[in-house]
Every structure is written in structure tokens, then in C-alpha cells.
Amino acid sequence: MTPPHRRFPGARHVLASACTTALLTSCASSTSAEKAAPPAPVAAAPAAPPASKPKPTYGTFGFDSSGMDRDIAPGDDFYGFANGAWVRRTEIPPDRSSYGMFTTLAEQADQRNRELIEAQRQAPAGSEARKVGDLFASFMDEAAIEARGVTPLKPELERIAAIGQREQLATVLGATLRADVDALNMGDVTTDRLFGLWVAEDLNEPSRYAPYLLQGGLWLPDRDYYLADSPRFTELRERYQAHIAAMLKLAGFDDVETRAGRVFALERKMAQAHVSQVDTRDISKANNPWPRAEFTKRAPGLAWKAFFAAAGLGTQEQFIVWQPSALTALSKLAQSEPLQAWKDYLAFHAVARAAPYLPKAFVDESFAFNGKTLTGTPALKERWKRGVDATNHSMGEAVGKLYVAKHFPPEVKAEAEAMVRNIITAFEKRIDALTWMSPDTRTRAKEKVGTLQASIGHPEKWRDYSGLDIVAGDAYGNAERAVRFEYQRNVAKLDQPVDRKEWYMVPQLVNALNSPQQNSIIFPAAILQPPFFDANADPAVNYGGIGAVIGHEIVHSFDDVGAKFDARGKLENWWTKEDEAKFQAAGKALAAQYDAYRPLPDLAVNGELTLGENIADMAGVAVAHDAYQLSLGGKPAPVIDGYTGDQRFFLGFGQVWRTSYREPYLRRIIMTDGHSPGPYRTATVRNLDAWYGAFDVKPGQTLFLAPEQRVRIW
22 MTPPHRRFPG ARHVLASACT TALLTSCASS TSAEKAAPPA PVAAAPAAPP ASKPKPTYGT
82 FGFDSSGMDR DIAPGDDFYG FANGAWVRRT EIPPDRSSYG MFTTLAEQAD QRNRELIEAQ
142 RQAPAGSEAR KVGDLFASFM DEAAIEARGV TPLKPELERI AAIGQREQLA TVLGATLRAD
202 VDALNMGDVT TDRLFGLWVA EDLNEPSRYA PYLLQGGLWL PDRDYYLADS PRFTELRERY
262 QAHIAAMLKL AGFDDVETRA GRVFALERKM AQAHVSQVDT RDISKANNPW PRAEFTKRAP
322 GLAWKAFFAA AGLGTQEQFI VWQPSALTAL SKLAQSEPLQ AWKDYLAFHA VARAAPYLPK
382 AFVDESFAFN GKTLTGTPAL KERWKRGVDA TNHSMGEAVG KLYVAKHFPP EVKAEAEAMV
442 RNIITAFEKR IDALTWMSPD TRTRAKEKVG TLQASIGHPE KWRDYSGLDI VAGDAYGNAE
502 RAVRFEYQRN VAKLDQPVDR KEWYMVPQLV NALNSPQQNS IIFPAAILQP PFFDANADPA
562 VNYGGIGAVI GHEIVHSFDD VGAKFDARGK LENWWTKEDE AKFQAAGKAL AAQYDAYRPL
622 PDLAVNGELT LGENIADMAG VAVAHDAYQL SLGGKPAPVI DGYTGDQRFF LGFGQVWRTS
682 YREPYLRRII MTDGHSPGPY RTATVRNLDA WYGAFDVKPG QTLFLAPEQR VRIW
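In short: position in the sequence shown from 1, add 21, done, that's the numbering used here.
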């Protein structure tokens with residue numbers, strides 16, 4: 022199983038893991054000490070909404086004017102102007118590592134899910150709904166969990182203890198392989214198992230599935246946590262070893278300090294084998310088909326025949342290896358490192374993964390390190406929240422089916438679909454207007470837009486959980502069976518036709534997604550609500566909120582990774598050489614812009630790691646603004662409470678990224694996440710001409726860029 026704290030947001034979806042405080046650190050040294058006046062009200066009467074239209078759910082007309090700081094000039098710090106008062110008055114809840122608009126909606130979704138899940142305890146025995154109810158109730162039964170102690174984990178620990186030769190090690194490693202990574206859709210590229218399996222369309226032939234193997238084995242978030250030479254990380258590594266020892270002691274092991282030393286030493290060697298986050302997202306380095314028969318030659322050390330047999334992949338003829346150098350080096354460790362080190366390592370990882378489903382002492386020790394130390398979060402989530410997380414993790418679409426029936430009315434779906442169509446049309450017009458793109462490349466780009474499929478709210482076909490065995494009172498067993506069920510579901514796909522409409526998110530998740538191999542975009546039900554989308558709100562704010570999210574996901578099909586896939590979802594270069602060079606040059610300019618942002622004194626944003634998301638943000642808000650202008654039908658936008666349509670649009674965009682972070686978590690996401698922190702996502706407006714006109718941004722202001730310095734890609 023994969024506890025929720027092990028999941029890392031990645032490169033193909035909209036959610037930033039949260040944001041820094043308020044000001045752009047890199048902009049604090051502006052030579053202009055004066056703050057420009059806030060935008061002057063335009064001399065026009067506010068447009069009165071129709072009497073029959075309900076009041077927006079969020080704010081006066083769809084955004085939170087009370088959260089703004091009008092003493093900050095938009096041209097100096099647009100994020101602070103849009104959110105400064107909110108930042109000052111908002112405290113991060115004690116059970117959170119960050120807090121913002123995504124968090125607010127996630128908490129609302131959690132409460133709704135709890136009510137739905139608890140009601141399923143009365144469903145007929147054996148039904149899918151009853152499984153949902155029993156799953157949650159089993160997690161909530163602390164007394165039963167305490168009474169069983171570590172007993173549920175003993176069979177796995179005994180299998181590990183019985184390892185006596187290298188082939189047995191390979192068998193145990195293969196048996197623990199799980200489908201817990203997703204390199205392109207969700208961008209989850211981290212697993213604490215030696216390797217992670219991802220089953221998706223073949224990069225070279227999207228009409229069939231392929232199994233992908235990704236590097237893994239680390240418990241800490243990234244290789245730099247093991248290798249960085251600084252007092253901060255030295256101390257963290259010492260605390261990690263103490264945590265390993267504490268977990269093993271709770272599980273009944275002796276000589277735990279020595280064991281912890283062996284575990285850490287092995288993981289450090291794994292970290293040395295890992296490729297960087299930047300290289301991991303480079304799709305040109307990931308397309309490495311390996312025949313199963315050649316693994317022994319290309320990656321000697323691991324007994325691959327035993328590994329694949331135990332993983333249920335013994336007849337699979339070919340795999341795609343995402344990071345071949347890492348796989349080769351990790352395989353070598355299976356032969357070179359002492360068996361006892363491997364046994365200690367496997368035992369610790371088994372205990373650490375199981376901790377959320379074990380007695381309170383395990384939960385507390387796990388949180389003390391994974392929560393307090395790694396993310397700075399002071400308090401553990403209430404148990405019911407963790408129960409909802411566990412239930413979503415095990416039977417997410419079953420819960421989603423309940424959520425959609427209760428909380429996603431058809432009219433919201435219809436309005437969101439209309440907005441998606443409008444924004445796709447606006448994007449097509451942008452492609453037509455590009456002066457740097459040749460006719461040949463433009464034709465291929467238009468073809469790709471024309472085949473883009475959008476899914477709103479929920480999948481057309483719900484996942485079948487009839488084969489999943491849920492046992493009332495068996496919290497650990499339920500979680501283990503669920504993750505094995507998901508693994509077997511993925512392996513079974515290898516013999517099936519490709520489902521081009523499979524969802525990779527659950528409807529109750531506050532997020533959105535682009536799948537380059539499907540050439541599809543997905544918008545779950547839970548994000549289609551205020552402040553992102555409100556049917557009663559001012560259209561300018563809706564286009565700035567959910568419209569920019571829609572534009573973001575559309576543009577992902579044309580970012581530095583998505584642009585390498587054709588209309589069928591095949592990894593194929595459809596660009597002329599000249600156009601590709603211009604596109605790459607613009608990307609380098611945007612990466613350099615983001616390299617200059619420094620959220621922490623000793624840590625800057627990685628412009629190359631975040632390039633895909635930054636392209637999607639910049640072009641996404643630009644195309645959403647175009648779509649808003651098109652929606653006006655040639656009529657002037659109304660002025661509401663003194664704000665023009667463009668001002669409301671950009672404020673709607675700026676406010677969805679309001680977020681505050683705890684410092685350890687901010688550091689973690691800067692190092693590992695493909696998304697820039699929120700204020701820097703908001704700062705992308707400095708590349709858009711319309712923003713300058715909306716807020717009268719002048720030379721000398723911190724965010725000002727001369728027209729020739731503004732990055733323009735789509």
C-alpha cells in the first residue's frame with residue numbers, strides 16, 4: 022500500500038502543492054520604493070445583475086475583495102495585491118502543511134465524503150456501497166486495531182525474514198511491485214518500493230498498452246535528501262535513522278540502531294543511482310523499450326526471472342524503462358549489498374507503509390517524522406479525515422459515484438462543457454494568429470486540437486470493484502488487498518484493448534489533468550465549484566478561475582512535453598526544425614525567468630523542472646482571457662464595483678493561487694514538484710499585454726517587463 026504522504030504531485034495536472042507567503046522574494050529589491058495607486062474605478066455605473074440571478078456563493082460577484090491589499094501596487098506584487106489581506110489573516114490549520122483554495126475545497130469534499138461513506142454502512146451486505154462503508158468503519162475501529170497489534174503484518178515480515186539467497190530476494194521484491202507511479206498523467210514518479218509499475222498507452226504505438234518501470238526504493242522525498250551537503254539535511258538524515266530504529270523497535274526487532282544504519286546506507290546507495298527530477302520529466306530520455314529476455318544482460322544483479330514471475334509479469338515480452346541508468350544501478354545493488362541489509366530495508370518499508378493501519382504508537386511515530394519533520398505540520402489529522410483518505414485511496418471511484426450523484430448537478434456539467442468548447446475555440450484562434458509558426462506545423466497543431474477530448478465531472482464508465490474483498494474489522498488487510506487489486510487491474514490491462522476514456526483522477530478530487538497519450542483533459546466534479554467556478558458569478562471571474570484551469574490543461578498538450586505527442590497520442594515529432602527551435606528558445610526564456618525567483622533565501626525555483634507547468638499557466642490564462650473576450654460578443658464588459666472586466670478576470674486568476682506554506686513543506690515541493698509555488702504562478706501575468714493595460718503597469722515597477730522581454734509561446 023502507499024500511504025497518502027508518499028504521493029507527490031507532478032507535471033501534468035493543475036494543482037500546486039501550495040504557495041509561499043505573499044511577496045515575490047526576488048522582486049523585493051525593486052528600485053521603486055513607492056507603491057502605485059490601486060486601479061482607479063472606471064466612470065461607469067456598475068452593471069446590475071438580473072433580479073432573478075442568485076447571489077454568487079463566493080464574495081460579492083465571484084471573488085473575495087476583502088482578501089485584497091489595495092496598498093500594494095499590482096505592478097509591484099500582483100499576488101500581494103490580490104491576496105495580501107487574506108495572507109495576513111489566514112493561519113495554516115495545525116493538521117496542514119499548507120493552506121489555500123485547493124485546501125478549502127478539499128476539506129469541503131472530505132466532509133461531504135464522510136457523510137456519504139458513513140451512510141453506506143446500511144447498504145446491503147456484499148454490495149459495492151457496503152464495501153465502502155465497511156472499509157471506512159474498519160479504519161475507524163481503533164479498539165480492534167489496537168487489539169490486533171502488529172499481527173496483521175507478521176506474514177509479510179516472516180516472508181522477509183525467510184530470505185536466504187538472492188533469488189528469494191528477487192521473489193520478494195517482485196511480489197511487492199505495485200502500480201503506484203504515473204509518469205505523465207498524474208506525474209507521480211516516486212515509490213518507496215524498489216521499482217514502480219505504470220501501465221499506460223505505449224509511447225510508440227498508443228493503440229496498445231505497455232508496462233513502464235520507474236526508479237524507486239527511497240522513503241525520503243528525493244535523492245537530494247540523502248546527498249545534499251548542508252547542516253539542514255545532515256540533521257534530517259540523523260532524525261530519519263532514528264525514525265527507522267523507532268519503527269523497527271515498535272515492530273519487535275532487536276538491535277534497531279544497527280539495522281537502521283544498514284537501511285539508511287542501502288537507501289543512500291539507491292539515491293546515488295537515481296536520476297534527477299529534471300531528467301525524469303525529459304520524455305526524450307524515457308522511451309527505452311527493453312525485451313524481458315535482455316534485462317539480465319542490461320541490468321545484471323537482480324534475478325529478473327524470479328522477479329517478473331513473482332510480479333505476475335513472467336510472460337510479458339517487453340517493458341519500457343523510464344530511467345535505464347537507475348534501473349541498472351539498482352539491480353546491481355541486489356547482488357552487491359548484504360542480504361541482511363536488504364532484509365532490514367524490506368522490513369522497515371513494510372512497517373512504515375502499514376503504519377496508518379496499525380496501533381496508535383505506529384501512527385504517532387510515523388507522523389512525528391513524515392508529518393512534523395518532513396513537512397513541518399504540527400498536528401495529526403483527525404482520524405475521520407485519515408479514514409476518508411484511506412477509503413478514497415482504496416475505492417476512489419466508488420466514493421466518486423456517490424459524490425457525483427449528490428453534489429454534481431447536470432446544469433454545472435453543461436455550463437462547464439460550454440466553457441471548455443469556448444476556450445478550445447479561443448486556442449484554435451491563437452494558433453491561427455501565431456506569426457512564428459509555419460503552415461506545416463500549424464496544420465498539425467490544429468489537427469491535435471481537433472482531436473482533443475474533454476471529460477467533465479466523472480468518467481463515462483465506473484470502475485468495477487466486485488473483485489475486491491473488503492472484510493469488516495480488517496483495516497490493514499483491506500488496504501493491502503485494495504492496493505493489490507489495483508495492481509492486478511493494471512496488469513490485466515496489458516491483454517486488453519486500450520480504453521481511451523479511462524480516468525486517472527477521482528471525481529471528488531480538487532484538481533484537473535491532461536493525458537498526452539489520450540490527448541484528453543479531465544475536470545473532476547470537486548473543482549467545478551467556487552472560487553473556481555460558480556454559475557451565479559460574474560463571467561470574468563469564472564474565466565479567470567476555472568477558465569484559466571481549462572486553458573492550463575489544454576496547453577499541457579502543447580507544453581515542452583505534450584508538444585512531443587501527435588494527435589493520436591504517439592511520441593512523434595510533428596514540428597518543422599525551424600519552428601521547434603523557436604519553441605524551445607521561448608521555453609528557455611521562460612525557464613530563465615522562473616530561475617530568478619527565490620522563495621527561500623537558499624533555494625530558487627527550478628525553471629527547467631517547472632517549465633511544463635509554467636508554459637501551461639502562462640498560455641492557459643492567455644487563452645482563457647481570449648475566450649472571455651469572445652464571450653462578450655463584441656459588447657463592452659460591464660464595470661462592477663469599480664472594476665473593469667479585465668481587472669476582475671485577472672483578480673479571479675490571482676485568487677485561486679492564494680496559499681500559505683510551512684517552510685519544510687515549501688522546501689520539499691521546490692525540490693520535487695513540477696509546479697512553481699503559487700505567487701510565482703500568479704506572476705506569469707507579467708508576460709501578458711492585457712494585464713499591463715488592466716492595471717496600468719508602468720516601467721520601474723517590480724513586475725514590469727518591456728514588450729520584447731515578455732515570453733510568448735502560444
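Rather than coming from a laboratory, the hints here were simulated on the basis of the structure.
It should be emphasised that the depicted structure is a prediction, and the values quoted were computed from it without experimental measurement.
Treat the hints loosely; a few may be bogus.
[Stated by the list, open to error] Dumping the calculated BS3-like pairs for lysine-lysine here, alpha-carbon to alpha-carbon at most 27 Å:
hint, residue 1, residue 2
1, 609, 591
2, 434, 402
3, 381, 353
4, 326, 353
5, 270, 175
6, 450, 427
[To be verified] Ranges of calculated distance between the beta carbons of each label pair, as one might list FRET restraints:
hint, residue 1, residue 2, range
7, 136, 170, 25 to 35 Å
8, 360, 438, 36 to 46 Å
9, 172, 76, 54 to 64 Å
10, 172, 336, 31 to 41 Å
11, 601, 454, 12 to 22 Å
12, 306, 399, 35 to 45 Å
13, 360, 278, 17 to 27 Å
14, 172, 253, 34 to 44 Å
15, 684, 463, 37 to 47 Å
16, 625, 360, 35 to 45 Å
17, 721, 684, 25 to 35 Å
18, 260, 439, 46 to 56 Å
19, 112, 76, 25 to 35 Å
Heads up, the beta-carbon is just placed ideally off N, CA and C, and yes, glycines get one too.
Status of the hints after comparison with the structure:
{"no.": "1", "hint": "609 / 591", "in the structure": "24 Å, holds"}
{"no.": "2", "hint": "434 / 402", "in the structure": "32 Å, violated"}
{"no.": "3", "hint": "381 / 353", "in the structure": "38 Å, violated"}
{"no.": "4", "hint": "326 / 353", "in the structure": "15 Å, holds"}
{"no.": "5", "hint": "270 / 175", "in the structure": "14 Å, holds"}
{"no.": "6", "hint": "450 / 427", "in the structure": "38 Å, violated"}
{"no.": "7", "hint": "136 / 170: 25 to 35 Å", "in the structure": "32 Å, holds"}
{"no.": "8", "hint": "360 / 438: 36 to 46 Å", "in the structure": "57 Å, violated"}
{"no.": "9", "hint": "172 / 76: 54 to 64 Å", "in the structure": "56 Å, holds"}
{"no.": "10", "hint": "172 / 336: 31 to 41 Å", "in the structure": "36 Å, holds"}
{"no.": "11", "hint": "601 / 454: 12 to 22 Å", "in the structure": "19 Å, holds"}
{"no.": "12", "hint": "306 / 399: 35 to 45 Å", "in the structure": "40 Å, holds"}
{"no.": "13", "hint": "360 / 278: 17 to 27 Å", "in the structure": "20 Å, holds"}
{"no.": "14", "hint": "172 / 253: 34 to 44 Å", "in the structure": "39 Å, holds"}
{"no.": "15", "hint": "684 / 463: 37 to 47 Å", "in the structure": "46 Å, holds"}
{"no.": "16", "hint": "625 / 360: 35 to 45 Å", "in the structure": "42 Å, holds"}
{"no.": "17", "hint": "721 / 684: 25 to 35 Å", "in the structure": "32 Å, holds"}
{"no.": "18", "hint": "260 / 439: 46 to 56 Å", "in the structure": "52 Å, holds"}
{"no.": "19", "hint": "112 / 76: 25 to 35 Å", "in the structure": "28 Å, holds"}
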